[in-house]
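J.: The chain contents come next:
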Amino acid sequence: MSKEYETVIGLEVHVELATKTKIFCSCSTAFGGAINAHTCPVCTGMPGSLPVLNKQVVEYAMAVGLATNCEITRYCKFDRKNYFYPDNPQNYQISQLYLPICRNGGIEIETEKGGKKTVGIHEIHMEEDAGKLVHDEDGDVSVVDFNRSGVPLIEIVSEPDMRSPEEVIAYLDKLRLMIQYLGASDCKLQEGSMRADVNLSVREAGAKEFGTRTEMKNLNSFRAIARAIENETNRQIDLIESGEKVIQETRRWDDSKAYSYAMRSKEDAQDYRYFPDPDLVPVSISDEWIESVRAKQPELPTEKLARYQSEYGLPEYDAQILTGTKKFADIFEAATEICKKPKKVSNWLMVETIRLLKENAMDAEDIRFSPGNLAKLIDLTDNGTVNSTVAKEVFEAVFKEDIDPEKYVEEKGLKTVHDAGALRETVETVMKNNPKSVEDYKNGKEKAIGFLVGQTMKAMKGKANPEMVNEILKKLLSK
Amino acid sequence: MSLTSLTAKELGIKIKEKEISVKEAVNDTLDAIEKKEGKVNSFVTVADRDALLKKAEKVQKKIGEGTLDGPLAGVPIAIKDNICTKGLLTTCSSKILEGFVPTYTAEAVKNLEDAGAIVIGKTNMDEFAMGSTTETSAYGATKNPWNLGHVPGGSSGGSCSGVAAEECICALGSDTGGSIRQPSAFCGVTGIKPTYGTVSRYGLIAYGSSLDQIGPVAKDVTDCALILETISSYDKKDSTSMKREDLDFTSALKDDVKGMKIGIPKDYFGEGLDREVSEAVKGAAKVLEEKGAVLEEFDLGLVEYAIPAYYVIACAEASSNLARFDGVKYGYRAKQYEGLHNMYKKSRSEGFGTEVKRRIMLGSFVLSSGYYDAYYLKALRTKALIKREFDKAFSKYDVILGPAAPSTAPKLGSSLDDPMKMYLGDIYTVSVNLAGLPGISLPCGMDGEGLPIGLQLIGDCFKEKDIIQAAYTYECTREYRHSPLSDVYQG
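Residue numbers (our numbering), protein chains in the order written: chain B, 1 to 479; chain C, 480 to 970.
Among these hints, one or two may not hold up.
Said to hold, decoys possible - Distance ranges between label pairs, derived from CB positions:
hint, chain 1, residue 1, chain 2, residue 2, range
1, B, Arg-294, C, Leu-856, 32 to 40 angstroms
2, B, Ala-30, C, Ala-530, 51 to 59 angstroms
3, C, Asn-821, B, Ala-226, 38 to 46 angstroms
4, C, Ala-530, B, Lys-296, 32 to 40 angstroms
5, C, Asp-527, B, Arg-264, 45 to 53 angstroms
6, B, Ser-26, C, Pro-898, 18 to 26 angstroms
Unchecked claim - Away from chain B, derived, C-beta distances all over 10 angstroms, residues of chain C:
hint, residue
7, Ala-530
8, Glu-783
9, Glu-796
10, Lys-808
11, Tyr-855
Said to hold, decoys possible - Computed from the model, here is a short list of chain B residues facing chain C with C-beta under 8 angstroms:
hint, residue
12, Gly-45
13, Pro-86
14, Pro-89
15, Arg-273
16, Pro-278
17, Leu-280
18, Pro-282
By construction, these hints were calculated from the structure, which means they are not laboratory data.
We put the CB at the ideal spot given by N, CA and C, even for glycine.
Just chain B, same shape as in the assembly:
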């Protein structure tokens, strides 16, 4: 390749909002449920039914807009996007084209070179999700399930400000974390509560004009996004190098084949005949409303990162990992509040919790234990009720079943034995059974004591206070 190319990327991110009810009716947004269990005349497009806006949707959209430094549109409207498809019961989607709720924002990301840059946010708009087609494998029948129809979404449209897969992932990560902190969505890519479409073009380094872009769909993980970007960049460069033209089109990514194919070109693009939905009145957003949403904004990741270092004295590395997942930050703060030992809480999360998550192929979101039980376990370890080995065992039970450590230790008889008499007896037995090691120690092989401690701990089923064992051993061996 003789020339240098630059990749230009913009993202359209769809986020499913965490409201209890749908955007235009009072049906539940709960996942699962029998086909069409969560439906009513409104979300199934019955004749004569009318949409009524869920205020919480507006508040979540505003919250995300404020967190991403957007301007809030004081007078915003909903528009109808007209197209025919059976998962769309009215054959129009209620969305926002002309006056979206948020505009002209941006968030700062860290680039792979360690620098910082701002990715602009063109707009955020509110819209409804569609239903789902269920195809009968045997027959020639398809069933429409409208349970997802009317589930609220926001679409966050970035400016074409990203230049590499790393920047895209950094942007998505930041956005996801921010939205999770706001409680506006759980943002799970695999489950589709966060979906990203990638708009990508390439141009010769230094060129002023953008190249022709394509839009990539069906990206279900960060890994797929990164792979698709690389693949599409190369595909476009190959086209240009071989003297062909990039066609403006929508492509679908197949991650299993690491390959994308064209879905529709711009020529086939539909005319959606957008116009303001006459069934909905414009939304007027007052200063007071914006301020009340702003006042409810929780502490966001960047602010937390700074506070964990200044208030709790955590190293930056710890603070980054803890604030990098909302669940961790939540558990950290709650457990620290109870036991007042931030560094210890941090250690349990960063070492044992992450280990168990990996072992069980779980996400932090799947954590079920209560911060109170972690705090209790820390106290039990600190006051010597259990030793560190037993503590790890107890923590596994906390992690798996959220047991109460105090009761568990009591019931299982896991308390550390501090009774010097009992310990001495055991140590004597161990020494008797391992004369070789005793001999070695006496001959100056100090390491041999470790083996004897281990044997004693084993005999005590791990419940001995290791320091006491050490002490007693040393005393007896020096005789």
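Since the structure of chain B is provided, determine the placement of chain C on it from the hints.
T.: Relative to the frame of chain B, chain C by itself:
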């Protein structure tokens, strides 16, 4: 004489005084429909007699217990077929809604039923309320009870002919561009189109959502006020519904217009208006003047832009509103098709009539990219300017008076060949919808052929009481004329 010759108020009183039972009222109405339906075709669906009699029994019991004591308790009423009624076929007079039985009842109908009124059946209309003659119905044209060779007007033709023929005492219609007022005028009955947002649209199958309103059709102003008072309510299910404290419309039934300022737009009496209609309407104005009203002619302005603006906006909204009728979920589906898109195409091509297809195409066109600004946005701006013209007028006048339609009812079959001419017939009614105003149409005379002429009174937003009072005062000066199909026809 049939009970259907009474007014709703009169029947309500007789029921309350136990002179007539609810069952008798229901049976009498059903008998009248059976007897006359072959001639007029006002109904698409008549409810089952046994089911109605069971309902009548329940209502009777509640009246006896005193839990239902409103003026409409026990009164049968007909509902236009574009208003959803749970368990009762609702077709919008279209083949595409063949067999569609709603799972819920429209808010306006629910309000009526809560007041003890009994839904007797669903009235014929122009398909999806698109038309001015009730000839575009997939279930056959409705006839004018005054002359069966003429149309009843439309689109609420079945509601108006049903009341005029005295098949039913009163009915609900809907009005997007004159669909209550024009057929009321043609059939010699009274109808009100309320201020936009007064009656919930929940359950009204939309034609032009920003213009549609449900309203009453009856023999007189009193019944209309009574019914309007009953169906009006703030409804959280309709985002365009208004919270109003002044829904006691019957309080405006006063025989008094002393000092009332009535504006007469010169533009409403120009070219295209029948001489006989003009004279009758002017005669009505004179009567009001004699009763103490102050008349003044004025220039309304922008009148010629109302029809194009109306058709652009109504058709644009309709093209999207009617997209849901696709053969997937309910109603008609083509018998033979290959694949999804062919199913859509065939179901819609076969299910919709010519006029509906014309308006869907027109609406799709004006919303298309490249035309949106030139047509749709321009029409919205025109709408705003028309509203301003009315605001100016209402700063001077309490009520605007004019004809409801440029002519009396045309002959059957004479309108559909020339849609432009038919559209121009809406000249006096559409601006009321564009501006969201209330309007009433009531009889004010007959032409030489014995067809009724309608007087239209227009009020400012939320000023239904002004037009009700003026209309009532005028009505007090004359007798109600029963149509030839009535059992008390006066000749």
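J.: Holds or violated: 32 to 40 angstroms for the Cβ distance of C:Ala-530 and B:Lys-296?
T.: 53 angstroms, violated
J.: Under 8 angstroms is the threshold here; is the Cβ of B:Gly-45 close enough to any Cβ of chain C for the hint to stand?
T.: Result: holds, 5 angstroms to nearest chain C Cβ.
J.: Taking 10 angstroms as the cut and beta carbons as the points, is C:Glu-796 off the interface with chain B?
T.: Answer for C:Glu-796: violated, closest chain B Cβ roughly 6 angstroms.
J.: Confirm or reject the statement that C:Ala-530 sits farther than 10 angstroms, beta carbon to beta carbon, from all of chain B.
T.: At about 22 angstroms from chain B, C:Ala-530 clears the 10 angstroms cut-off, so the statement holds.
J.: Would the hint on B:Pro-86 stand, with a C-beta cut-off of 8 angstroms toward chain C?
T.: 5 angstroms, holds
J.: Would you settle whether the hint for B:Leu-280 is holds or violated, based on the nearest Cβ-Cβ distance to chain C being less than 8 angstroms?
T.: B:Leu-280 check passes; min Cβ-Cβ to chain C is 5 angstroms, inside 8 angstroms.
J.: For the hint on B:Pro-278, does the least C-beta distance to chain C fall short of 8 angstroms?
T.: 4 angstroms, holds
J.: Report holds or violated for the interface hint on B:Pro-89, using the least CB-CB distance to chain C and a cut-off of 8 angstroms.
T.: OK, holds: B:Pro-89 within 8 angstroms of chain C, min 7 angstroms.
J.: Would the non-interface assignment of C:Tyr-855 survive a Cβ cutoff of 10 angstroms against chain B?
T.: 6 angstroms, violated
J.: Go ahead and decide if the range 45 to 53 angstroms is satisfied by the Cβ distance of C:Asp-527 to B:Arg-264.
T.: 51 angstroms, holds
J.: Falls inside 32 to 40 angstroms, the C-beta gap from B:Arg-294 to C:Leu-856?
T.: Cβ of B:Arg-294 to Cβ of C:Leu-856: about 34 angstroms, so the range 32 to 40 angstroms holds.
J.: Grab the minimum C-beta distance from B:Pro-282 to chain C and call the hint holds if it beats 8 angstroms, violated otherwise.
T.: 10 angstroms, violated
Figure legend: structure checked against the earlier numbered hints; hints not met, in rising order: 2, 4, 6, 9, 10, 11 and 18.
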